[in-house]
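Colleague: So the sequence lines, in the order shown, correspond to chains A and B. Taking this note's numbering, the leading residue of the first sequence gets 1, the next gets one more, and so forth. Taking this note's numbering, the leading residue of the second sequence gets 1, the next gets one more, and so forth.
Since the hints were made in silico from the structure, they are not lab data. Among the hints, erroneous ones may be present.
Heads up, the list lumps identical chains together, so a pair's fine if it works in one copy or across two of them.
As a list, the in silico DMTMM-like pairs of lysine to aspartate or glutamate whose alpha-carbon atoms are at most 20 angstroms apart [unchecked claim]: (1) Lys-458 to Asp-50; (2) Lys-458 to Glu-602; (3) Lys-648 to Glu-109; (4) Lys-479 to Asp-591; (5) Lys-320 to Glu-485; (6) Lys-377 to Asp-82; (7) Lys-463 to Asp-610; (8) Lys-377 to Glu-105; (9) Lys-479 to Glu-595.
Number of protein chains: 2
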Amino acid sequence: MRLAVLSLLASTGGLVFAPAPLDSTTPRGFTTESGKVEREWEAKFVALPDAARMREAMRRLSARPHHVGSPYDKANAEWIRDQFRSYGWNAQIESFDVLFPTPKERLVELVSPTVHKASLQETALAIDPTSGQRAEQLPSYVAYSTDGDVTAPLVFVNYGVPADYEELDRHGISVKGAIVIAKYGGSWRGIKPKVAAEHGAVGCLIYSDPRDDGYAAGDVFPNGPMRPPQGVQRGSVADMPTYPGDPLTPGVGATRNAKRLTVAQAQTITKIPTLPISYADAQPLLSALRGPVVPAGWRGGLPITYRFGPGPARVHLRVKSDWSLKTLNDVIARLPGTTEADQWVIRGNHHDAWVNGAQDPISGLVAELEEARALGKLYAEGWRPKRTIIYAAWDGEEPGLLGSTEWVETHADELAQHAVAYINSDTNARGYLGVEGSHSLEKFINGVSRDVEDPETKRSAWKRNQLATIRTGTREARKDARDREDLRIDALGSGSDYSSFLDHVGVAALNIGFGGEDRGGIYHSIYDDFYWFTHFSDSSYVYGKALAQTGGTAVMRLANADLLPFAFTNLAETSNGYVQQLKALRDSLADQITERNMSIDEGVFVATSDPRDPVFAPARQQPPPPFDFAPLDKAVASLTQAADAYDKAYVSALGTSSADPSREATIRSINQRLLQAERALTSAEGLAGRPWYRHLLYAPGYYTGYGVKTMPGVREALEQHQWKDVDREIGRVAGALTREGTMVGQLAEDLSRLK
Amino acid sequence: MRLAVLSLLASTGGLVFAPAPLDSTTPRGFTTESGKVEREWEAKFVALPDAARMREAMRRLSARPHHVGSPYDKANAEWIRDQFRSYGWNAQIESFDVLFPTPKERLVELVSPTVHKASLQETALAIDPTSGQRAEQLPSYVAYSTDGDVTAPLVFVNYGVPADYEELDRHGISVKGAIVIAKYGGSWRGIKPKVAAEHGAVGCLIYSDPRDDGYAAGDVFPNGPMRPPQGVQRGSVADMPTYPGDPLTPGVGATRNAKRLTVAQAQTITKIPTLPISYADAQPLLSALRGPVVPAGWRGGLPITYRFGPGPARVHLRVKSDWSLKTLNDVIARLPGTTEADQWVIRGNHHDAWVNGAQDPISGLVAELEEARALGKLYAEGWRPKRTIIYAAWDGEEPGLLGSTEWVETHADELAQHAVAYINSDTNARGYLGVEGSHSLEKFINGVSRDVEDPETKRSAWKRNQLATIRTGTREARKDARDREDLRIDALGSGSDYSSFLDHVGVAALNIGFGGEDRGGIYHSIYDDFYWFTHFSDSSYVYGKALAQTGGTAVMRLANADLLPFAFTNLAETSNGYVQQLKALRDSLADQITERNMSIDEGVFVATSDPRDPVFAPARQQPPPPFDFAPLDKAVASLTQAADAYDKAYVSALGTSSADPSREATIRSINQRLLQAERALTSAEGLAGRPWYRHLLYAPGYYTGYGVKTMPGVREALEQHQWKDVDREIGRVAGALTREGTMVGQLAEDLSRLK
């Protein structure tokens, strides 16, 4: 914390302003007086979340498999709705009819040089009572794999990301007409069949290597938390970087009578049949490959020599699904606001799972329920939120963020008008508070995390995170952690229900959850259940409590702040960092390509190829021309100036109080516009080639899936060597930042006039 | 080659001199005229080495196990002597009586929680005829392990280097009273029992993990070149960084009547019993460990969860050796010099092996024999070396450089007077020419490697190395490879027979050998044999020919150069690089220690410890004070100036010829002193704590074994935090460089007066 204000100003080039007269413990957005009242209610709130209730709720919600369309999924939705009602909330179920394929036929067999049929079956364990509920379990598969029946030579492609295919090229190996086998990891799973199909593969297998989450990492279930030999990771392989949600209704809610694409028209279904398998099933296939030995970085933990292929192993893969629509059930609960009822503070966690899902998602959902119960109790004791609070329990997150996306698409206009912010959580475990989200909320969530106690160290979650960054960070990250007022939050990519709020509508969003200490290898398997969670994760639910305290405190502050707690200095500084990264990326691409072209000309690759294990030269590439980053620099400078002015006005406005009768109306007007600030960073036409994604600062990477690309238009044009698009994308992002700066500048001016 | 001279001068701060009138193809040390004659003989020479002869010699020499003291070791020595004689050389065997323990009892058994006795037996293979010669094979063991019989809990220590014990400390795990099990790799093997004993362990097992040279790296023998489950790496564990050679006769030759220490007095025998085992034998032991899961970097390729222990696995280890003296047989062959017969050019490769040793060392020895045969043939055709050429085939290299060390110690005074240089080789394989050695010979060996053809690419070995550096090097290394006149050679640590020449007597030395393409896991096992080599390595012996061409060309040039081909600019520039490294090391230690102390004070380690898997804070350390590097800077500057002057005088002296009758005498005087130049870098009192090592620029690391430490007095004082010793060691190294500079300056002056 030393030198924090100075350091922040130094890095943003901001103006020096007088020290805040606000008490340092006043939550952001409150005056000294209103902050005291807020803190009294918060103190009552944080005492309420109850570990025993979370445990019982988890036992109940994970008692049977509850994927979209299953009986227990519906039963859970109704139970959750009833819980909200019992807490004093106005709750109902909102249903959508979505395309959710479920498996009818699954076959993987090695047909030569020997014959071996994969079991495709996770083993029920006597010690783990829910693991044997086979009748209700979804068999291991990936949703939105196209149907297919192919027999082809096998090629091992490491994680199956674009760089892996460059390595294959260097060894002269093509996947054209082949079935690829990729390890889980290195990207979101849906990238693997997408990239494989782009390279001409006809089928895709994805397996969990024991090096990553099996025996290499620890004892396997049920002796330990890691993945046993038959464990399989289910999941979605829809092309979510194109659009998430129901593949048949992009951009609109999948209501009963919505206009739908045909399955054949849906862009997000894979081009090639795809199945996930266990490492027990993968080992015979990988062992049957020949060809060169793969590089050390590609090798997994099986006791075999990993080779590229192609073949001689030939594999027969068959996938066939039931492509009928299924009904999903979102639970939407409201606590009405008083004076600002049409400003919505939204909180959510999904409730559907691939199987029993005790960890994913119930560990997060039970915390959300405890928040709701506690807020209901405060409400009963007389506490009133100014703004309307909406708590959601989404269905259909697992197959593709279906429940949240369809709800957001249905209510997009209302959300654009009313939504203050969306706070998401998903799985939760022991360790560190992880936060990603909109940088306009970075300062706000830093304030919240300073007030949440870490259960293991009894220090604040903020302090523990700061010390962890000092322990593991680079020199720059350590300096930042020690000197900057706020810890940095990462930007949001995709992978949970914040996506449609942030990426499609431009609602400022945060994703929160604890983790980092518990290892596990049961993700999306039948073993993610109550037995596993209560033996190997947050078994005393103290981190469930901490999550409820974090989420609830954030919601309370957003709901009752005098002035919405956005801070634009953090956004401006972060944007500046992105611009510097993009310039460095351009320069490093220029260096790399120039160097590689020179090496090709010098004969480096020919001279260093072992004739017994030849490696070929890559193709020459065109280095990037210089780009004009000036519009971005200028836009960031103007946003920085406006943000500093806003912060100065903020301190002055909330540090004083007056009886000016116009004060309330001015603040209301400012809040109405603050609520729109994140929307200014979006573009109605969306990203190039994927118009559903409208935020110009954040998007999941087209070739990473979950992983974020910041300033994605510019960054992906650079990464994909589309040099002709770069200046245009720079202009679009600069336009958004300029709009934001103009808006914030106007807010600063209005706020500074407040008496 | 672009800008080469300019770049060299820029980096050494040298004076600009006129372009050399010497033809660029004139070998260093020759005039244009004498160089032409030299090149004509070299052209004849390089055509002579013969692949079929190398193959037959390998078959003969590796036909039976031939370790020190074995019948076939003696038979080989006699055969090699007779070969030399048949080539026209004067050859004899010089014998020494050395302590070489051979196994009498070996036992490794898991005694709890279950009982499992290790086989300690490599499997004979029907396809591989020599693998079944059990009666003559040395059983798997490590030489110079002390006798012992211990039963204790087991602890896994990764590679068993000092940093690994810091990691153990951080997990609260002590090896006091335990038997450690370490993977091969990460250091020379003898470091493992030494460091284990320093930490209180009572026994040490070393195993070959399949991730490193077993199935993870490729198919195992006999299907491929890698280590099969029962394969064991034998080796020496004597404390060679203290002194190599016979443990009973440090510093003196182990002649029959030499004064000997008792075994109990010998410093270099391990303090704890030690055995090497296979991964088949290691797996049950490692599987029986509990305790925390080890970090990802420690994990090997066995299909188990690697854990630290201690225990519950308890292991019983028994080692007992026959400690009798054995006779070793060095073969020493001479071609007499003419005008400079008392200047000796020495070349060597060992002949003893752990078992059959086709790769190690016969692949290098057969090349040396072909060199000798070819030189003998030139001699018969009228070629005469000015200087005496000595070719050695050393015995007892494997247990601890015994044959070379005892010979050098016996002849130390003569060598100090007569030795020009020593050129070593050992194993040889396909790929790149590897060169390490004295930087005064860097320019010379660059010249040789420019004239050797790489068999696979048909470009020069130099060019292939340059392109390989461009492919894999850092930005700085690439620039260096492209712009510097000479490719850099690494400094020599230990691990083969150059050590006593360079480190003890100060004879300029080079170690040469091809490699980098053939993978293998048969090192020091019964599978290193003719079958393996002819299936998986340089099976057409084209790299054997290339090695003979390299070694023989170097010897011919050293033997007939007008002026010995030392160049001190490379030495000066390299020394300057070392000084900059040492300063950077001091600064980075200061940063690291200060940062770590600050983190300890901030509570970083306490706050980031998972209570279910606790990690403890390291101890505070004292950061280094500033040191006075000025003496080193000054000494390097004066050496640089002298070296530049010498190079200028060299070009002028050899670029002209005259009939001045005093010329010959002056050159003779200069050569006499040039021959001493490397000796000026030594100190009679040796390194602190290990006086046998006298070179002040190069030594094997006390805690790395083979790995070199340059300017070892200073570097190891820094690495071991012995701050009080640093300035003193700086002074000693500066003194040596100053002596060198003075000597070179005088030589430059004398040479510049040459008419």
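Colleague: Any of the earlier hints contradicted here, and which numbers?
Modeller: Violated hints: 3, 5, 8; rest satisfied.
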